[in-house]
Amino acid sequence: MRSSLHISQSVLGEGQQIARAYEERRNVGRMKLYADTLSMVMKAQPQMSPNEAVSYIEARWSDPAFLESCNQAFIESGLTDDRLFATDVIFLFFPDKIYGVEQWVEDLEGRIPLLRRAMNKYTIHDWPTHARDILMSAPYKCSDKMIAALWYMCKEYLKV
Numbered sequence: 089m090r091s092s093l094h095i096s097q098s099v100l101g102e103g104q105q106i107a108r109a110y111e112e113r114r115n116v117g118r119m120k121l122y123a124d125t126l127s128m129v130m131k132a133q134p135q136m137s138p139n140e141a142v143s144y145i146e147a148r149w150s151d152p153a154f155l156e157s158c159n160q161a162f163i164e165s166g167l168t169d170d171r172l173f174a175t176d177v178i179f180l181f182f183p184d185k186i187y188g189v190e191q192w193v194e195d196l197e198g199r200i201p202l203l204r205r206a207m208n209k210y211t212i213h214d215w216p217t218h219a220r221d222i223l224m225s226a227p228y229k230c231s232d233k234m235i236a237a238l239w240y241m242c243k244e245y246l247k248v
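Residues 89 to 248 (the working numbering) make up the sequence shown, in order.
These aren't lab readings, by the way, just hints derived from the structure by calculation.
All values derive from a computational prediction rather than experimental measurement.
Mixed in with the good hints there might be a few duds.
Here are the simulated lysine-lysine pairs, DSS-like style, with alpha carbons at most 25 angstroms apart [said to hold, decoys possible]: (1) 131 x 185; (2) 120 x 131; (3) 229 x 243.
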């Protein structure tokens with residue numbers, strides 16, 4: 089029989105903090121990627137000023153053909169958005185996990201469509217019961233705080 093245990097407001101708040109920290113890390117990662125790209129452009133084109141290099145990068149990212157080639161490379165890599173998200177979640181929730189990470193990522197990747205459907209169907213107050221059911225047989229165990237964080241992370245990054 090399904091338990092309908094709700095998560096307390098304080099734990100929901102902790103989950104929201106985890107999701108915010110994740111978003112901040114992603115933003116820092118994007119800024120680092122941009123800085124690395126800028127550095128590479130300036131090394132390859134030493135005659136460019138920093139402003140010219142920024143303009144060059146912005147022009148490339150505005151070019152539909154360039155974006156299409158990036159998208160094609162992503163597709164050919166075999167990665168999926170769900171795979172990337174699952175990888176991020178496993179490393180965020182279980183930073184000390186060393187062995188078996190690949191299996192955990194594969195497992196969570198397979199559960200993401202179910203989590204996405206539950207996220208779209210249920211409120212934050214009903215979500216924990218369904219998320220626990222979905223994750224019940226997983227090789228990793230998610231605390232209530234992780235379940236709450238997953239709700240917010242799914243809302244932000246798994247928009248349908």
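The hints, checked one at a time:
1. With a CA separation close to 37 angstroms, the supplied pair residue 131 and residue 185 exceeds the 25 angstroms bound.
2. A distance of roughly 16 angstroms separates the Cα atoms of residue 120 and residue 131; the hinted pair therefore holds under the 25 angstroms criterion.
3. Our distance criterion of 25 angstroms between C-alpha atoms is met by residue 229 and residue 243, whose separation comes to about 21 angstroms.
The structure fails hint 1 only (numbered hints given earlier).
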